[in-house]
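Novice: Combine both chains into one complex, guided by the hints.
Sequence lines, in order, name chains A and B.
Its first residue numbered 0, the first sequence is counted upward by one per residue in numbering that gives the first Met the number 0.
Its first residue numbered 0, the second sequence is counted upward by one per residue in numbering that gives the first Met the number 0.
Any given hint could be a false lead.
For the chain A half of the interface with chain B, some residues (derived, Cβ under 8 Å), not all of them [stated by the list, open to error]:
#1 K52
#2 I56
#3 D68
#4 L87
#5 R92
With a straight-line Cα cutoff of 20 Å, these simulated PhoX-like cross-link-like pairs (lysine-lysine) come out [stated by the list, open to error]:
#6 B:K170 to A:K52
#7 B:K203 to A:K52
#8 B:K172 to B:K145
#9 A:K46 to B:K184
#10 A:K76 to B:K47
#11 B:K40 to A:K52
#12 B:K145 to A:K86
#13 A:K52 to B:K172
#14 A:K46 to B:K170
#15 B:K290 to A:K3
#16 B:K203 to A:K86
#17 B:K184 to A:K86
#18 A:K46 to B:K172
#19 B:K257 to A:K86
#20 B:K257 to A:K52
#21 B:K164 to A:K52
#22 A:K52 to B:K184
Now the in silico label distances, taken between C-beta atoms and shown as ranges [said to hold, decoys possible]:
#23 A:E83 to B:N12: 27 to 37 Å
#24 B:G220 to A:L80: 46 to 56 Å
#25 A:R92 to B:D226: 41 to 51 Å
#26 A:V84 to B:G178: 25 to 35 Å
#27 B:Y256 to A:N61: 18 to 28 Å
Calculated from the structure, these hints are not laboratory results.
No residue lacks a Cβ here, since even glycine has one placed at the ideal position from N, Cα and C.
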Amino acid sequence: MELKNLIPIIHLCEHYSVETSFFDKLHEEGLISITTFEQTSYLHQDKIVDVEKMIRIHQELNINTEGIDAVFNLLQKIDSLQNEVNKLHDRLRLYESDF
Amino acid sequence: MTYIDYYKVLGINKKATENEIKKAYRKMARKYHPDLNPNDKEAERKFKEVNEANEVLSNPENRKKYDKYGKDWKHAEEFEKAQQQRQYQRGGGQRTTGRFSEEDFSDFFSSMFGGGYQRRSEVKFRGQDYNAELQLELEDVYKTHKRTLTVNGKNIRLTIPAGVKNGQVIKIKGYGGEGINGGPKGDLHIKFSILNHSRFKRDKDNLYTTVDLDLYKALLGGEVIIDTFDGKVKLNVKPETKNLTKVKLKGKGFPVYKKEGQFGDLYITYRIKLPTNLSNQEKELFKELAKLR
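Chain B with its partners taken away, still in its complex shape (with noise of 0.2 Å):
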């Protein structure tokens, strides 16, 4: 448990008037909002440190005892089992109220007033969206499928439809946190990390890939077979083919995202590979071939 010191948090010194205490929160707070930060942590992190300064520097008894213990928190033991002792006599702990929940708060400002945080208002506010990362491989997005995931304790069977591209977010209504004061669930965000081991390059709903050819088969023509996510394919490589000549295998690309039936390009660059170690005979060969021309 580390001691937070709430004016360097709010940036004002400890002289600061209650004015310059409610300037400078609404300052911070619009700086670090939530909502003006979506998906960042750290945003979220220093918003919930300012609520909690300015929980305790607004409030002239919070912020007396604060400046009073403040570094010496530890010996405010006493002080704070007299307060619980306080709230017990006047019925039961205080409930949290509102958007943040007690353990919203540090470890510090729990030990200092007891965890007890009385929000002003008694808004109703809908749960907490929850944000998660699926990480998912390729092929695994090749075709539509079920997974069951485990998002906090809650086992939730999904299914992925195909040809969901990295980055992007689905939402699962009614999946995020309880809501507060009777307020609607929140939403679940999946948000799709696509890895690609594989040897195809995806750009939207194309497949890009190379196929390594001999010389023979690049001067002369002939069959390639390559394995594709749906299987094999037999390519007919034409006479004379150039090195990184390009050929389009329509619809042997990417399942087009909730369109069944729907897929993209197959993108195929042949690269022409020169016969290494060659023995005296094909030396000879070659030569007398170099002649010809």
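Next comes chain A alone, as it looks inside the complex (with noise of 0.2 Å):
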């Protein structure tokens, strides 16, 4: 099994002063996936973003692992929104002036 761009479980609570079990719990949320090679879990390197934000979440906020979902749902909505927003304002455009 290829570890590249697999970083230790156990460095991210060590690195980040959070416990196993708040991985365990934003896998069961399915917002994180963890692989498993020789009894040691591992999270994708790409994924470091996400959690840092979901540690911050949880440590300053309060906010339990079914609240980091929600709040990543909706934080995806207005991304999407905006986006959204975007285009249309680029549409307009092409109407806004005649030529």
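Specialist: Written as structure tokens, this is what we have:
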């Protein structure tokens, strides 16, 4: 199995001062995907930015994993609505001036 | 430097209990937290204010000092000197740890509390992501090119791929703020703002423009030459072309982002310009023509 780009969860727990159970809960909620190899759990490095955000939301706002899931869903919606607004602005510009 | 009413910031009264302060802080933090308000500068400012208020009011010693000197904070200077002296004797000022730095605190805070801010946790954090906006003209993004940007005093050589869209954000890993407590650097997010002062309108990868035709070319047909981002293009106008006729030039539109050699289409609308200030002879000839219809 290719372990390249995978970070052991235990290292992340030390680094961010969180319990391994926090990562297990995130995994249960489907927020992250944990890979297990020879009894060691790993997280893909591409997920680090999201995980850091989840840790901040959890530690600074006291929000549990179910809440983090809801927050992430809403943030995704905001992002897609913002993209939609940008697209519509661009399309609107087509009709703003008479050419 | 202005006096900041921390009680007002948290929406509580001066007799609020520790529990009420904690509750008010959590409520405000949830409202203005930067992770929940991406790209919202106003929320970021308020979040810092809320943090500052909590830092003062949740610490009984700081709260006491704030309540005592509050509006007369300028008189707290002596207190501050004494505080600094004590810190010095302890072997140096406190170091900033955690996600926020001293510059995240107001001058008012620094003046009263000496800027020493001790975060409770020792968590390593990735550096702050920087957001920058780059304004480019539509012509600039027709071809892939390199550009040097200066972000926070650092020069970054950036390749701007052809076909970048207005509002598109690209991430440059590791060009954000320094990590805290040994955490990794943040990223730089560049948002493209594409200005369009050209004769073309852009919708996704397609371009739209209008071309004026004189009456005679519209009736009898002929050739027109138009300027595109890729040079001049010769168009054959069919005889009896109607006003607002649209023609599509396949592959003459805008480059498709990150798909080399692929282009959108160019849509041309013909606008027929009628002759004005007709001479007597022209009027007569038009009358003759009218009789023939």
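Novice: Compare the structure with each hint and give your call.
Specialist: Consistency of the hints with the structure:
Hint on K52 (chain A) holds. Least Cβ distance to chain B is approximately 5 Å, under the 8 Å limit. The restraint placing I56 (chain A) at the interface with chain B holds, with a minimum CB-CB distance near 6 Å, inside the 8 Å limit. Because the smallest distance between the Cβ of D68 (chain A) and any Cβ of chain B comes to about 14 Å, over 8 Å, the interface hint for this residue is violated. Below 8 Å, beta-carbon pairs count as interface contacts, and L87 (chain A) has none with chain B, the closest being about 11 Å; its hint is therefore violated.
The closest approach between the C-beta of R92 (chain A) and any C-beta of chain B is roughly 7 Å, which is under the 8 Å cut-off, so the hint is satisfied. Between the alpha carbons of K170 (chain B) and K52 (chain A) the distance comes to roughly 17 Å, so the proposed pair stays at or under 20 Å and holds. Of the supplied pair hints, the one linking K203 (chain B) and K52 (chain A) is violated, its CA atoms being roughly 32 Å apart against a limit of 20 Å. Proposed proximity of K172 (chain B) and K145 (chain B) is supported: the alpha carbons are some 17 Å apart, at most 20 Å.
Proximity of K46 (chain A) to K184 (chain B) is assessed by CA-CA distance (about 15 Å); at most 20 Å being required, the pair is judged to hold. Distance check on the hinted pair: K76 (chain A) and K47 (chain B) sit about 26 Å apart at the alpha-carbon level, beyond 20 Å; violated. As the CA atoms of K40 (chain B) and K52 (chain A) are separated by approximately 18 Å, the hinted pair is consistent with the 20 Å bound. Between K145 (chain B) and K86 (chain A) the CA atoms are separated by roughly 26 Å; this puts the pair beyond 20 Å, and the hint is violated.
Using a Cα cut-off of 20 Å, the hinted pair K52 (chain A) and K172 (chain B) holds, with the two alpha carbons roughly 16 Å apart. A hinted pair counts as satisfied when its Cα atoms are at most 20 Å apart, and K46 (chain A) with K170 (chain B) qualifies at roughly 15 Å. Among the hinted pairs, K290 (chain B) with K3 (chain A) is inconsistent with the structure: their alpha-carbon atoms are about 85 Å apart, more than 20 Å. Between K203 (chain B) and K86 (chain A), the direct Cα distance comes to roughly 9 Å. Compliance with the 20 Å bound is thereby established for this hinted pair.
A distance of roughly 32 Å separates the Cα atoms of K184 (chain B) and K86 (chain A); the hinted pair therefore is violated under the 20 Å criterion. As the CA atoms of K46 (chain A) and K172 (chain B) are separated by approximately 14 Å, the hinted pair is consistent with the 20 Å bound. With a C-alpha separation of about 19 Å, the suggested pair K257 (chain B) and K86 (chain A) falls inside the 20 Å cut-off, and the hint holds. Between the alpha carbons of K257 (chain B) and K52 (chain A) the distance comes to roughly 29 Å, so the proposed pair goes past 20 Å and is violated.
About 27 Å separates the Cα atoms of K164 (chain B) and K52 (chain A), which puts this hinted pair outside 20 Å; it is violated. Pair hint K52 (chain A) plus K184 (chain B) holds up; C-alpha atoms about 15 Å apart against a cutoff of 20 Å. For E83 (chain A) paired with N12 (chain B), a C-beta distance near 43 Å fails the hint of 27 to 37 Å. Between G220 (chain B) and L80 (chain A) the C-beta distance comes to about 48 Å, which sits within the given range of 46 to 56 Å.
Separated by about 21 Å at the C-beta atoms, R92 (chain A) and D226 (chain B) break the suggested range of 41 to 51 Å. Between V84 (chain A) and G178 (chain B) the C-beta distance comes to about 33 Å, which sits within the given range of 25 to 35 Å. Our hint of 18 to 28 Å for Y256 (chain B) and N61 (chain A) is violated, since their Cβ atoms are close to 41 Å apart.
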